[in-house]
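J.: This is what each chain is made of:
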Amino acid sequence: MRYLKSREAILALAIVVLLGVIASRFPGFVRPSNLARVFTDTAPLILLALGQMAVILTKCIDLSVAANLAFCGMVAALMNGAGVPLPLILLAVIGLGASLGAINGLLVWRLGIPSIVVTLGTMTIYRGTIFLMTGGAWINAHQMTSGFKAFPRHVLAGLPIMAWIAIAAIALVALLMTRTALGRAFYAVGGNPHAAIYAGISVGRSQFAAFVLAGALAGLTGYLWVARYAVAYVDIAGGFELDVVAACVIGGIAIAGGAGTVAGAVMGALFLGIIKNALPVVGISPFWQMAISGSAILIAIAFNATSQRIPGRIILKQAGHRT
Amino acid sequence: MSILRKVLTTAAMASALMAGTAHAEEMRIALVVKALGIGFFEAANKGAEEAAKELGDVKIIYTGPTDTTAEGQIEVINSLIAQKVDAIAVSANDTDALVPTLKKAMDRGITVISWDSGVAPEGRQMHLNPSSSPLIGNMIIKLAADNLPDGGEVAVLSATSTSTNQNTWIEEMKKVEGNYPKVKVVGTVYGDDLADKSYREAQGLMQTYPDLKAIIAPTSVGIVAAAQAVTDAGKVGAVNVTGLGLPSEMAGHVKSGASKSFAIWNPIDLGYSATMAAYHLAKGDAKAEPGAKISIGRMGDITLDDNNEAAMADPFVYDESNIDEFSSIF
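Chain order of the listed sequences is A and B. For the first sequence, counting from 1, position 105 maps to 105 in our numbering; every step adds exactly one. For the second sequence, counting from 1, position 14 maps to 1014 in our numbering; every step adds exactly one.
Hints in this document: simulated from the structure, not taken from any laboratory. Heads up, a few of these hints could be off.
[Unchecked claim] So the derived list for chain B, only partly shown, Cβ under 10 Å to chain A, looks like this:
hint : residue
1    : 1147
2    : 1148
3    : 1195
4    : 1196
5    : 1246
6    : 1250
7    : 1256
Beta carbons are placed, not taken as given, at the ideal position from N, Cα and C, and that holds for glycine.
If we strip away everything but chain A, and leave its shape as in the complex, we get:
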């Protein structure tokens, strides 16, 4: 009974119900091969949501993840054009993403600027830098090597590499969150910063680490994104940061920090991913699609808000009746 009350269980139930509703209109959607495709398609959202979760846990928010993704994706495409081998590109984008995240983290940590302002600024800077690098030009399919494009698509034991990368990231971040001092520090810093300081945990340093993690994951996703869609330009993944935050919120990551799980973030991302993939096939007017996605987010948040609310304690029950 207690298990059924947990947010993750409810979300899992919601996903099953959602799949059931979709299957009633388009049975092909729940075929295992299609579900694997949906999971692969949702992999970038999952990767970014994992990083965003760490950031949100520490009472921060990172709006620059999509711009970071686009930046690293473009760098990956440019490096590929210059003949750099793929393993080096992978290391480079992870490193570059981490350093872009570190810029956010340092500004939040050292200068104490609110993270929403910092990342709003860096988001624009990163996008602008892509334009400076390329002059607004696109890098297209025929300008990328086939190995560069094929890697995320390569099927291993039934799933593309892209899906395996997401699974590996889920496992690693889950390990980090539950089994390491840093992971517990994320929760401590967001749950009660003052207590965290008394316990000897540096709030700023933990936030910095969270931004670096989010940046590294965004950098890796940048390569995957560009290789998958076989095109790189300034506006790729435009507005994707909002999907990422939405996935976290749906997954029950408390926007005030300190509460949330990896399972929640992953399921939040999957929930959004399923809706995004299902809407085109169930034959709903495109004019309704945005409204439906928005309502799903609002319902999830409303649900979270009510379940999180701590009822106030009435200490003077008779006060109103006194004369």
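Given the coordinates of chain A, work out where chain B should sit on it, guided by the hints.
T.: Relative to chain A, chain B alone:
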């Protein structure tokens, strides 16, 4: 006072001399582009040179600012006025900002037309559009039909549900749908000009309509994403992706076979036609007024509408045979 007079007489003499020599031999037509160093406009210049060679007595001055600003173009046009060229054909960086300068040019007897990107009607004698919405609407369904001898289901992948251009083109396409009886348009979806959403919508189309034979994407982001989705689904050859795109962005997908052909205006033809139109107006054998017919050489005739605008031709079709040549241009 005397100094001023001296300067004025010198200037007048100089311009009279220059004008005298230039007019006697050839007509000078200035092709003013949005910025130098852009492949699209270099190609337009190629077309203009071709027209000049055909006409014989024409010299093309290909010029423009180094960045795409209206101020830069105003400077360039001012210097062209000082050089007393015979005609200016401009692709404008701003609809209104160039008007006063171009008016000045017309006051001095210079023929002014705009092409590609237009100038407000009071700042030019005519405007040459690369194509028109009915022509584009017809072309996109024709491209799908041409590769479907047996007919079949086709679907449209557009940009956003509110974008004016795409909606007009799709509307025009639906008007002529009856001319292609074998082709059945089964639906329109919107990729919002986002690579990932367009990709997903294209995948959705292939799932919803298993017999789908073609996807028409009249948007450069959509056509690339749809081609990639078709490739990833292993349906190259079964589903043809067509619509409007840029050769440099589509080259890979044409070679892989995901897209047999697509269309966009041809910059060479556009430069050629703009030069031809400017020549005839400057020469005086055509007048820029509503309903007027102007011959544009190998491209045929154009007819001006109530706004003194004209459409050049059908969008140009790119396929395996010419993609290499054009993908390096734009």
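J.: If a hint holds in the structure, say so; if it doesn't, say that too.
T.: Now for the hints, and whether the structure bears them out:
1. 1147: 20 Å, violated
2. 1148: 23 Å, violated
3. 1195: Holds, because the Cβ-Cβ distance from residue 1195 of chain B to chain A comes to roughly 4 Å (cut-off 10 Å).
4. 1196: 7 Å, holds
5. 1246: Holds, about 8 Å.
6. 1250: 8 Å, holds
7. 1256: 8 Å, holds
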